[in-house]
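Protein chains: 2
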Amino acid sequence: MNEGLIDIIEISGGITAPEGYQATGVACGIKKSGKKDLALIYSENTATGAAVFTRNLFKAAPLLLSMEKIRDNGIRAILVNSGNANSCTGEQGLADARELTAYLAEKMGIAEDEVHMSSTGVIGELLPVDKIKKGIDDLTGKISRDGSGDAAEAIMTTDTRRKEIAYSFRLPSDGTVVKVGGMAKGSGMIEPNLATMLAYITTDLAIEKALLQKALKIVADKSFNRISVDGDCSTNDSVFLLANGKAGNRLITEENGDYLAFLQVLEKVALYLAQSIVMDGEGATRFITIRIKGAGSQEEGLQIARRIANSNLVKTACFGGDPNWGRIVVALGSCNLNLEKEDIEVSINDKLLFSKEEPVYRDKGELARLMEGKYIDIEINLNKGREELEFWTSDLTYDYVKINAEYHT
Amino acid sequence: MNEGLIDIIEISGGITAPEGYQATGVACGIKKSGKKDLALIYSENTATGAAVFTRNLFKAAPLLLSMEKIRDNGIRAILVNSGNANSCTGEQGLADARELTAYLAEKMGIAEDEVHMSSTGVIGELLPVDKIKKGIDDLTGKISRDGSGDAAEAIMTTDTRRKEIAYSFRLPSDGTVVKVGGMAKGSGMIEPNLATMLAYITTDLAIEKALLQKALKIVADKSFNRISVDGDCSTNDSVFLLANGKAGNRLITEENGDYLAFLQVLEKVALYLAQSIVMDGEGATRFITIRIKGAGSQEEGLQIARRIANSNLVKTACFGGDPNWGRIVVALGSCNLNLEKEDIEVSINDKLLFSKEEPVYRDKGELARLMEGKYIDIEINLNKGREELEFWTSDLTYDYVKINAEYHT
Chain A
1 MNEGLIDIIE
11 ISGGITAPEG
21 YQATGVACGI
31 KKSGKKDLAL
41 IYSENTATGA
51 AVFTRNLFKA
61 APLLLSMEKI
71 RDNGIRAILV
81 NSGNANSCTG
91 EQGLADAREL
101 TAYLAEKMGI
111 AEDEVHMSST
121 GVIGELLPVD
131 KIKKGIDDLT
141 GKISRDGSGD
151 AAEAIMTTDT
161 RRKEIAYSFR
171 LPSDGTVVKV
181 GGMAKGSGMI
191 EPNLATMLAY
201 ITTDLAIEKA
211 LLQKALKIVA
221 DKSFNRISVD
231 GDCSTNDSVF
241 LLANGKAGNR
251 LITEENGDYL
261 AFLQVLEKVA
271 LYLAQSIVMD
281 GEGATRFITI
291 RIKGAGSQEE
301 GLQIARRIAN
311 SNLVKTACFG
321 GDPNWGRIVV
331 ALGSCNLNLE
341 KEDIEVSIND
351 KLLFSKEEPV
361 YRDKGELARL
371 MEGKYIDIEI
381 NLNKGREELE
391 FWTSDLTYDY
401 VKINAEYHT
Chain B
1001 MNEGLIDIIE
1011 ISGGITAPEG
1021 YQATGVACGI
1031 KKSGKKDLAL
1041 IYSENTATGA
1051 AVFTRNLFKA
1061 APLLLSMEKI
1071 RDNGIRAILV
1081 NSGNANSCTG
1091 EQGLADAREL
1101 TAYLAEKMGI
1111 AEDEVHMSST
1121 GVIGELLPVD
1131 KIKKGIDDLT
1141 GKISRDGSGD
1151 AAEAIMTTDT
1161 RRKEIAYSFR
1171 LPSDGTVVKV
1181 GGMAKGSGMI
1191 EPNLATMLAY
1201 ITTDLAIEKA
1211 LLQKALKIVA
1221 DKSFNRISVD
1231 GDCSTNDSVF
1241 LLANGKAGNR
1251 LITEENGDYL
1261 AFLQVLEKVA
1271 LYLAQSIVMD
1281 GEGATRFITI
1291 RIKGAGSQEE
1301 GLQIARRIAN
1311 SNLVKTACFG
1321 GDPNWGRIVV
1331 ALGSCNLNLE
1341 KEDIEVSIND
1351 KLLFSKEEPV
1361 YRDKGELARL
1371 MEGKYIDIEI
1381 NLNKGREELE
1391 FWTSDLTYDY
1401 VKINAEYHT
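Protein chains in written order, with our numbering: chain A, 1 to 409; chain B, 1001 to 1409.
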């Protein structure tokens, strides 16, 4: 759908840009630094809720609680703490998450089943429940329609900047203005303890729950699931999507034009947030796009893209500014897929470097200049099928090693 | 089989320790440094030959040639060059390998089909055929029963030391003394251009070809295929095994006691070489053993071990001396296997750190002291089945990034 047709405009306000949302962030003492570490996202009415969670076998306590609550309930509020992941904390961790969401519900006079929690930070330590309760008292007194920035700050761990975005657009059916806002945390390569990625997207659209969940799944697979965070998914990765219907549109109950317009804007928000995570990578100096063309299937393309994105050889070559197509070919060839090697072409920043099993471009000076900038585009054409996709990652640097070796449990 | 029963003794002489083998290494000018870059391994009679090659889709030219020759022929000589991988060099690369092995065969008066070649070094560049021919002239004049060390030196790329070993043992059937020798190159983490691993094992045992190939496959899967070289297999990885029968034993034609004794010594040689590669890792400061116990199958155990070994989070934690069980749990949980998480136990250097989904050991001082040494043992007990295995890797350090970022194509 042409963006102009549905009048997509970037607006300010992040997760509180859509109608009916409030937020804030405070410091409650989980982080020793005294920085903000507790955020609240609140919808003035019960929002329809959708979520996707980490596929890691060891899911952190708050995720287990959310998976239990979200099936049959809407979402009214999400409490997010940084500094402690409440992961690998057993029964007590689950009880703590339950107690804190109950406390928040009681405090705000809302249904406990509609209150969720997310956590990010060190694993294997119990939450400081009393500190967080005091933080909740503080949050509930402060939330406002302007609090998006404070919330985005409070969910940061090693992020160097807040990650927020919002767009408005018009539904094609009747021109109703709808807004979608989002915030996220996570660092491109990885954060010291866990590569946790958290994202929250709000909209004032009215849409049925099953369609909302479907839209989130589709969009997450094309954004948050296409960035490389060390190959491992953390115990806490979560993406929440809330739709409170305050835009006043006719409820979307089928995959009509309005649904497709929403899907498009939702993807813009998710892509912005996912790519911001890569951009803000610890120690990262390059933003690398891996584009697979001519794949036999999305799965095949994704497997190749992921392999290249997670190759330390490719990542260090990008850090060093070396257009080393050989390392890309090695990673690709390691995939154990049924590919015709004669058909494979590798380009870097639009320059074809490898084709028909041989290098096609040998001017070393020009090759070196290919990778002088911050953005590196690696394109693989398998010339096999018609599937295409993009995947994003960052380089492997001294600072990555420093941050991850010096951080102690 | 008890080692004493078959009288296994470490001996000197590397690949020329077994009867009937000669070798040497020279500098022919492929490496700009002037260091040795061309080796010859020679058997005085035609040896029965076996080999395993990289599974990478893009196999280098010499491997394609060897795969063609080895099926129906024995092995008389192997020419090995370092400094140039003859990989991604198309038809010309294959023609060059063919020409050089033919030249060597002609020169030595042996059958061309019994001459193999291996290459390691930069990829995408054609071999300097004339230089190598002069090197062959040089090699054939110098080979001797004492040349193992020179050969082991000539196959090095970024290796900091030669990797050689040899054992003698007695066949249980009649006490015949048999010798097995080996040499290898490769660096634990990776070498600048490719993680190429080359290994050559010689024996004077008399054994049928099919059994020899079977023995090599079994042993390679437990040694060379259990070290982490960046997750990618290079275009040139090769292991050759020659058996020339000079020990004078009765030809082994079935999996009898003599076969099992040989298998045991072959495994010792292969393990020594594989672990030496990890030990000599570029920038590596730690030798990490990952032991999986209680797995449902070898495949399951291997998938988990590989995942942990290739986790940059685990590797940097080992560099930093941090017994960070959380990162191990995250990598393990990312494997997408059907595991019971309550049953999983994680130990580091024999100290149980994680069990029943929770940390079991919280004395941070003692935890830190756990990882002060060079050797780190990570043990995962899945408490599911009866399968066990070990896997070896090294840590991820500043020097790893330096070496791999500063090396230019």
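Careful, some of the hints might be misleading.
To be verified - Straight-line Cα separation of at most 27 Å, DSS-like style, residue types lysine-lysine; simulated pairs:
1) A/31 - B/1364
2) B/1364 - A/402
3) B/1107 - B/1134
4) B/1031 - A/402
5) B/1364 - A/32
6) B/1341 - A/217
7) B/1214 - B/1131
8) B/1217 - A/364
9) A/364 - B/1107
10) B/1374 - B/1341
11) B/1374 - A/402
12) B/1142 - A/374
13) B/1032 - B/1209
14) A/364 - B/1374
15) B/1384 - A/364
16) A/341 - B/1134
17) B/1341 - A/364
18) A/142 - A/31
19) B/1031 - B/1134
20) A/131 - B/1364
21) B/1364 - A/35
These aren't lab readings, by the way, just hints derived from the structure by calculation.
Find the hints from earlier in the document that the structure breaks and name them by number, from lowest to highest. 4, 7, 8, 9, 10, 12, 13, 14, 15, 16 and 17
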